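K.L.:
Line by line, the protein sequences give chains R and F. Quick note on my numbering: the first sequence kicks off at 234 and runs consecutively. Quick note on my numbering: the second sequence kicks off at 234 and runs consecutively.
Derived from the structure by calculation, the hints contain no laboratory data. One thing to keep in mind: the hints can contain errors.
For identical chains, the list gives no copy identity; a pair is met inside one copy or between any two copies.
The calculated lysine-lysine pairs, modelled on DSSO-like cross-linking and capped at a C-alpha distance of 30 Å, are [to be verified]:
#	residue 1	residue 2
1	K438	K244
2	K281	K517
3	K442	K244
4	K517	K552
5	K244	K517
6	K517	K419
7	K281	K244
8	K552	K266
9	K442	K281
The structure presented is a predicted model; accordingly, all values stated were derived computationally and were not measured.
Here is what each chain is made of, one letter per residue.
2 protein chains.
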Amino acid sequence: MRAVILEAIGKPPRVADMPEPQPHTGQVVVELKAAALNHRDVWIMQGKYPGIRTGTILGSDGAGIVDGRPVLINPSLNWGDDPRVQGPDYEILGMPRHGTFAERVAIESRQVVDMPGHLTFEQAAALPLAGLTAWRALFTKGQPRHNDRILISGVGGGVALMACQFALAAGYEVWVTSGHDAKIEKACALGARGGVNYRTDDWHKELQKRAGHFDLIIDSAGGAGFGRLATLVAPAGRIVIYGGTLGTIEGLSPQLLFWRQATILGTTMGTSQEFAAMVAFVGKHRLVPVVDSVWSLEEAPGAFERMARGEQFGKIVLKV
Amino acid sequence: MRAVILEAIGKPPRVADMPEPQPHTGQVVVELKAAALNHRDVWIMQGKYPGIRTGTILGSDGAGIVDGRPVLINPSLNWGDDPRVQGPDYEILGMPRHGTFAERVAIESRQVVDMPGHLTFEQAAALPLAGLTAWRALFTKGQPRHNDRILISGVGGGVALMACQFALAAGYEVWVTSGHDAKIEKACALGARGGVNYRTDDWHKELQKRAGHFDLIIDSAGGAGFGRLATLVAPAGRIVIYGGTLGTIEGLSPQLLFWRQATILGTTMGTSQEFAAMVAFVGKHRLVPVVDSVWSLEEAPGAFERMARGEQFGKIVLKV
Numbered sequence: 234m235r236a237v238i239l240e241a242i243g244k245p246p247r248v249a250d251m252p253e254p255q256p257h258t259g260q261v262v263v264e265l266k267a268a269a270l271n272h273r274d275v276w277i278m279q280g281k282y283p284g285i286r287t288g289t290i291l292g293s294d295g296a297g298i299v300d301g302r303p304v305l306i307n308p309s310l311n312w313g314d315d316p317r318v319q320g321p322d323y324e325i326l327g328m329p330r331h332g333t334f335a336e337r338v339a340i341e342s343r344q345v346v347d348m349p350g351h352l353t354f355e356q357a358a359a360l361p362l363a364g365l366t367a368w369r370a371l372f373t374k375g376q377p378r379h380n381d382r383i384l385i386s387g388v389g390g391g392v393a394l395m396a397c398q399f400a401l402a403a404g405y406e407v408w409v410t411s412g413h414d415a416k417i418e419k420a421c422a423l424g425a426r427g428g429v430n431y432r433t434d435d436w437h438k439e440l441q442k443r444a445g446h447f448d449l450i451i452d453s454a455g456g457a458g459f460g461r462l463a464t465l466v467a468p469a470g471r472i473v474i475y476g477g478t479l480g481t482i483e484g485l486s487p488q489l490l491f492w493r494q495a496t497i498l499g500t501t502m503g504t505s506q507e508f509a510a511m512v513a514f515v516g517k518h519r520l521v522p523v524v525d526s527v528w529s530l531e532e533a534p535g536a537f538e539r540m541a542r543g544e545q546f547g548k549i550v551l552k553v
Numbered sequence: 234m235r236a237v238i239l240e241a242i243g244k245p246p247r248v249a250d251m252p253e254p255q256p257h258t259g260q261v262v263v264e265l266k267a268a269a270l271n272h273r274d275v276w277i278m279q280g281k282y283p284g285i286r287t288g289t290i291l292g293s294d295g296a297g298i299v300d301g302r303p304v305l306i307n308p309s310l311n312w313g314d315d316p317r318v319q320g321p322d323y324e325i326l327g328m329p330r331h332g333t334f335a336e337r338v339a340i341e342s343r344q345v346v347d348m349p350g351h352l353t354f355e356q357a358a359a360l361p362l363a364g365l366t367a368w369r370a371l372f373t374k375g376q377p378r379h380n381d382r383i384l385i386s387g388v389g390g391g392v393a394l395m396a397c398q399f400a401l402a403a404g405y406e407v408w409v410t411s412g413h414d415a416k417i418e419k420a421c422a423l424g425a426r427g428g429v430n431y432r433t434d435d436w437h438k439e440l441q442k443r444a445g446h447f448d449l450i451i452d453s454a455g456g457a458g459f460g461r462l463a464t465l466v467a468p469a470g471r472i473v474i475y476g477g478t479l480g481t482i483e484g485l486s487p488q489l490l491f492w493r494q495a496t497i498l499g500t501t502m503g504t505s506q507e508f509a510a511m512v513a514f515v516g517k518h519r520l521v522p523v524v525d526s527v528w529s530l531e532e533a534p535g536a537f538e539r540m541a542r543g544e545q546f547g548k549i550v551l552k553v
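So that you can see chain R by itself, here it is in the shape it has in the complex (with noise of 0.2 Å):
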């Protein structure tokens, strides 16, 4: 079959023709009809990613049929007995197991759910892992309650747009930041109340002017800036942080954390029981995740650069 596999750490993924995959005792085949790429994927084909395994077919995202019934993959596996946290034996689909860039993919029959009735394959494949990330970033670790106010940095990665998308479903006032003003003005189109650009000055006094502060601030980048998004926490507030592409965090001030009694919170993916409830709202509420564009198989290296240079707004999907 065809499938996007890692060649080498730092070179384009090569589209080749690999082994059919063999089902283990507890397996289903799943004829994949789309699939999506990540943050991860990019990462692991940089080679900044712990356990890289070259010849692995990528891909963590994945929708498609298994005995004709539309299903999708959750790809968090093994997350073990704990729900606060993942472990020894957790992995992601697509490293180091065979993942979704494929035309067929082995898992546990546990792993795949009914796609729900209202999504193409290409808008279902977009939700499995940043729709699980942002769930139990939002819903979990964030605890928002009644009236709420929340901002979403960093707005057009997968996760954060889907954050966005959940809050706003859920009745929340919703606030984000971008480097981009064209991601801020389709955010806003989706039901946010506004937005920053975070490559202006002062862009957090700008924010904190027009908005007020925020019970709930997810971000993903971290980094020297993170000193100064943590100063729009209101009292009792929660910093969730899924990501850190900024790097380490600086300038984070105690007394700012102890005043006002606020609270960081690291995550990452999420259990099985998440992302059941994640693919239960998505279908209560008719959400359709977005996507930036739609590739081939065969065109997955293009895909993987569009990724790499950060400009979509919303999922790069494959076709199979």
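Given chain R, work out where chain F should sit, using these hints.
P.N.:
Chain F alone, transformed into the frame defined by chain R:
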């Protein structure tokens, strides 16, 4: 009556004659027997505190007598309705309201609780502010679980030492850090498993080698060392921070936070319910707060100097 007042910012406090307190409706007058210093008092003296008013009687901690009944004063005033965070009317006894470094203080009757019977007035006076802060940090915010391993940084301080005693009484494995080897030894004499001196190179690696990771870390320093402290957090671990003596937090890895699903919780002081629970715990376990030294009211300037130098192990107490 005799009292210790802040005459001018940056100057040692002065012992002076002050008018007798005039209780309002709902207030009682506590005949003080002992009071205790907190870092807050020194910061007020140094002008490093919001809302300073000269001429105020200093002091948050006090034990004394009301109608022949030995009582402790809860210095946490007007917390408000939300247990998560103090409201806009919140203040701490001893600035801007007259405090406990005096022969008598007027205080709302709901702020006094019965003194645990096993304590002297000097020991009891050491309890309120540090005990309340330690209680909320350790139990309300830290939420320790059975078999959790706990690290308490800067164990010479009043809150740190109280947290250490509470955690030991509750049966947890406790480790400590300090800048003074003698303080580590004293903490071990109380029951701590061990500790490292944070002035040594790679103290965090040494501690990890000896103890492993920590489910709960309680810190009051922040600063550049916080990033190293954070490397010691276990999966699903919590870092509770109630002070910032070393300034802004630097070098904190987002990856570490999100992979380990770690949480950082800011905390300060506590509610009336927490105060009552703390005093009941001290009574039940017959805990005795560590008293560093006892001074007369007239010797208060010397007591402030000792506090400012950071030489103490345990609380510095004024006997009235």
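K.L.:
Does each hint fit the structure? Answer for all of them.
P.N.:
Results of checking the hints against the structure:
no. : hint          : in the structure
1   : K438 <-> K244 : neither (42 Å within a copy, 36 Å between copies)
2   : K281 <-> K517 : neither (37 Å within a copy, 53 Å between copies)
3   : K442 <-> K244 : neither (45 Å within a copy, 38 Å between copies)
4   : K517 <-> K552 : within (26 Å within a copy, 66 Å between copies)
5   : K244 <-> K517 : neither (41 Å within a copy, 65 Å between copies)
6   : K517 <-> K419 : within (23 Å within a copy, 59 Å between copies)
7   : K281 <-> K244 : within (13 Å within a copy, 55 Å between copies)
8   : K552 <-> K266 : within (6 Å within a copy, 79 Å between copies)
9   : K442 <-> K281 : between (38 Å within a copy, 27 Å between copies)
In summary, the numbered hints that this structure violates are 1, 2, 3 and 5.
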